[in-house]
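K.L.:
The residues making up each chain are set out below.
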Amino acid sequence: MRPELSLIAVILLLFFFDLFAKGKARDYFQPLACVLMAVHVLVNVVPSREAFSLFGSMYQYVPMMSIVKTVMAIGTLVVILQASNWLVGDDTRHKQGEFYVLLLSTLLGMNFMISAGNFLMFFIALELASVPMACLVAFDKYKHHSAEAGAKYILSALFSSGLMLYGISMLYGTTGTLYFDDMAARLSGTPLQVMALVFFFSGLGFKISLVPFHLWTADAYQGAPTTVTGYLSVVSKGAAAFTLMVILMKVFAPMVAEWQTVLFWLIIASITIGNLFAIRQQNMKRFLAFSSISQAGYVMLGVIGGNAMGMTSLVFYLLVYLAANLAAFGIVNVIERNSGKLDMDDYNGLYRTNPKLAFLMTLALFSLAGIPPFAGFFSKFFIFMAAFSEGFHLLVVIALLNTIISLYYYLRVVKAMYINPSDAPIATFRSDGYTRLSLVLCMAGVLLLGIASSVYDGIHLFSFGL
Amino acid sequence: MNILSLFVLVPLLMLLGLWLSKSINQIRGVMVAGSTALLGLAVALVFMYLGERASGNTAEMLFMADYVWYAPLNIHYTIGVDGISVAMLLLSAIIVFTGTFASWRLQPLTKEYFLWFCLLSLGVFGFFICIDLFTMFMFYEVALIPMYLLIGVWGSGRKEYSAMKLTLMLMGASALLLAGILGIYFGSGATTMNILEIAALHNIPFEQQCIWFPLTFIGFGVLGALFPFHTWSPDGHASAPTAVSMLHAGVLMKLGGYGCFRVAMYLMPEAAQELSWIFIILTTISVVYGAFSACVQKDLKYINAYSSVSHCGLVLFAILMMNSTASTGAILQMLSHGLMTALFFALIGMIYGRTHTRDIRELNGLMRIMPFLAVGYVIAGLANLGLPGLSGFIAEMTIFNGAFMNDDVFHRTVTIIACTSIVITAVYILRVVGKILYGTCTNEHHLKLTDATWDERLAVIFLVVAVAGLGLAPFWISDMIHESVLPIVSHLALN
Chain A
0 MRPELSLIAV ILLLFFFDLF AKGKARDYFQ PLACVLMAVH VLVNVVPSRE AFSLFGSMYQ
60 YVPMMSIVKT VMAIGTLVVI LQASNWLVGD DTRHKQGEFY VLLLSTLLGM NFMISAGNFL
120 MFFIALELAS VPMACLVAFD KYKHHSAEAG AKYILSALFS SGLMLYGISM LYGTTGTLYF
180 DDMAARLSGT PLQVMALVFF FSGLGFKISL VPFHLWTADA YQGAPTTVTG YLSVVSKGAA
240 AFTLMVILMK VFAPMVAEWQ TVLFWLIIAS ITIGNLFAIR QQNMKRFLAF SSISQAGYVM
300 LGVIGGNAMG MTSLVFYLLV YLAANLAAFG IVNVIERNSG KLDMDDYNGL YRTNPKLAFL
360 MTLALFSLAG IPPFAGFFSK FFIFMAAFSE GFHLLVVIAL LNTIISLYYY LRVVKAMYIN
420 PSDAPIATFR SDGYTRLSLV LCMAGVLLLG IASSVYDGIH LFSFGL
Chain B
0 MNILSLFVLV PLLMLLGLWL SKSINQIRGV MVAGSTALLG LAVALVFMYL GERASGNTAE
60 MLFMADYVWY APLNIHYTIG VDGISVAMLL LSAIIVFTGT FASWRLQPLT KEYFLWFCLL
120 SLGVFGFFIC IDLFTMFMFY EVALIPMYLL IGVWGSGRKE YSAMKLTLML MGASALLLAG
180 ILGIYFGSGA TTMNILEIAA LHNIPFEQQC IWFPLTFIGF GVLGALFPFH TWSPDGHASA
240 PTAVSMLHAG VLMKLGGYGC FRVAMYLMPE AAQELSWIFI ILTTISVVYG AFSACVQKDL
300 KYINAYSSVS HCGLVLFAIL MMNSTASTGA ILQMLSHGLM TALFFALIGM IYGRTHTRDI
360 RELNGLMRIM PFLAVGYVIA GLANLGLPGL SGFIAEMTIF NGAFMNDDVF HRTVTIIACT
420 SIVITAVYIL RVVGKILYGT CTNEHHLKLT DATWDERLAV IFLVVAVAGL GLAPFWISDM
480 IHESVLPIVS HLALN
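Heads up: the protein sequence lines correspond to chains A and B, in order. Residue 0 is where the first sequence starts when you use numbering that gives the first Met the number 0, and the numbers rise one by one after that. Residue 0 is where the second sequence starts when you use numbering that gives the first Met the number 0, and the numbers rise one by one after that.
If you're looking for bench data, these hints aren't it; they were derived computationally from the structure. For clarity, every value in this text was computed on a predicted model and none was experimentally measured. Wrong hints could be hidden among the right ones.
[What the hints assert, rightly or not] Partial list, computed: chain B residues near chain A (C-beta under 7 angstroms): (1) 61; (2) 65; (3) 69; (4) 167; (5) 177; (6) 181; (7) 185; (8) 186.
The beta carbon of each residue, even a glycine, is placed where N, CA and C say it ideally should be.
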């Protein structure tokens, strides 16, 4: 329970600070939030090795879950760092407190979702992760795009939740229980249960934005404030992906052939469609939205094998993806704040005016594309290896060929920054300290996670218990 | 520390040095110091290697070292060299050294240029010292990606198109290669990715070999300009800046041949035997088609690029002949082609830098205007068409000799067809030399041009000496290669 408890403490502290802090003290809101979040990360960085369950196995714990929670917390810390230059703006200054409380509530929801041992618990946690998220997406409520994105998000979230609840009710009807452990023993793969499995996919598929549940993604990503988009694309997606793996491996273990078939097609569709749509995007946020759809497909390669190697490589992939994607969003964000520009053509000639940002963006994109010596290469290789070891040869080859498409569109951005001439490049500016710190953190991840094998080895130590 | 790791460490230090340097002189200092150190290392390695062999060390790989990297996945950083890799390391060091001087006056963004240049050489050196499949593949990709920016930013002509085409084709090939590597690893059931151990286990089922061998061979073969996947090469070479063309044709394309030999054929010998006829036909087409294409080009770089397709095709052709003579010839051809193509591209770059055209219709009588460069060009041309005494003759002679040793009709027919490329090569080389160097200069602007500067002379002389050295005294290096080819060839012959 340690991650949840310390997170609740952080939420309460920030909430009361928001209530009671007046005048000058409010200037310390941002540093306080960062420090508290950093403390939260540090407290939870070493997982306890014993598996246990609480509240009549409503809440379950294996060490791997704690690692994922820490990864998500690191992602949230980076997001909070990047949010600073946006939050101090005139529109949002007075509602900083709400931002932190909402953001951390969704994180709390994800933590419970990861550790859920019962479908009811899981559903409540999922809603806790979804509903405040809609507020965050619509946080710039005076901006038309943001409000529209919030509405789209909540409508599709509710629809997919409804479908999932329907699936869960079918499971309950056929097995008579909602507890994960009992259900695994009673599932037999009847047609109704297969139906339930498909409905169940829609709920988490929505959060992971797998094709065909991805239709909200581009609009919500584009409309939401950029930091929230970063959060959506990394933390929210990562937690849901891990949860999906836990539930498939634990609950649906008797129906492994069925869910592998479903996942097989979902992966191919996500990777291919995400990639093909990303090629045509001009808006950087839409572009990263489609790239994140295809990345979600790659993440699922770690699930489909259903082995320990897959679990390790999935968590490692999430960590690496977090570093690279948040770096990219951080740069998009800081450029948007300083120049108001979001189109790929606006990035033309960026290297001449802001060489450091352009260079960091290049590294982040190379890592996303899976190019060595950056961490993305290692995480992609390992996740391919995991799927390959279980005999999904064709799937791996299709995914590999798709990396070429993804390389093409990542290189388009690099080309814009380095090669394309521009009459009116983005003016030179200095980014703020928080953003710099967040980018340093992300770059440390991009450069070191692959070369230094200790992180992977550390994760591997805990890849048991599911 | 193992001497081989220095080949990776020195480029890393160069990257660091470049990152810290502020002025053009510091950048040049770092590059000269680094590339000289690499060259020194490579020469020292040759002597150490020969010394070890002379003292009776018969291990397949020397100077081995093994560090566990990702223990749960059996990924190691395993290094070691045999005669083939030593020769390739020497070649790479020479090209990097001369490439530094060939881009002495490069503008703009000099620092960034050399940063990517160093990253590329890091990948190349790492690739040749590694014998672990994963680490090898990683270095392979490290060597590929800098090409995009090197061509895209500093190139000429249709640089954006060429850079993207080259990157996507090569990365597409490496995707196939990755599948092949995973297939080899899981198919062999090995608990290691070490090439030697997988070869010693020798238990990849034949049906699986028939899937993974073509993937691996094509994966590497694309980089070795295997027909019909060679189309990135002419465009890429034509658009790349001088030193990048040198490094690319001189070294990077050799990664392909080396990989086909060391990974695809060594680890999957049965499939290599079974499927070699397909690739022999493709490489024969490469050889002849490349030579014919070179005949009709008007751009100097395109001529040379198609000539590279032809010569690199010959490398793959030779290793598919699967005997020790032809394989030795293949490695010699890699060396020889690397040196003479680098020389060619260096000279073309220098001529282009002065005349601002590479169109052979606009160039005349350069022999009088820039005699040093012109003589260099003639020497490179003669080496290319296989004049005895220069490196090309040795390599091609050995290859065709070896190829003819296969006494069945199919092998002999393709050998005879491939042999015609020698004649065609002579046609296009002599045509260009006659056209641009001799006669009278009709362009008034060209009359005022100057001959090579000291840095250019250094690069050219160095390469000419290497080409002539390999041609006049091939025995010591060909002996070294021959005894290293034997384990691989005997592995192939077992079946």
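K.L.:
Now tell me, hint by hint, if it's right for this structure.
P.N.:
Hint check:
no.	hint	result
1	61	26 angstroms, violated
2	65	15 angstroms, violated
3	69	5 angstroms, holds
4	167	6 angstroms, holds
5	177	6 angstroms, holds
6	181	4 angstroms, holds
7	185	6 angstroms, holds
8	186	10 angstroms, violated
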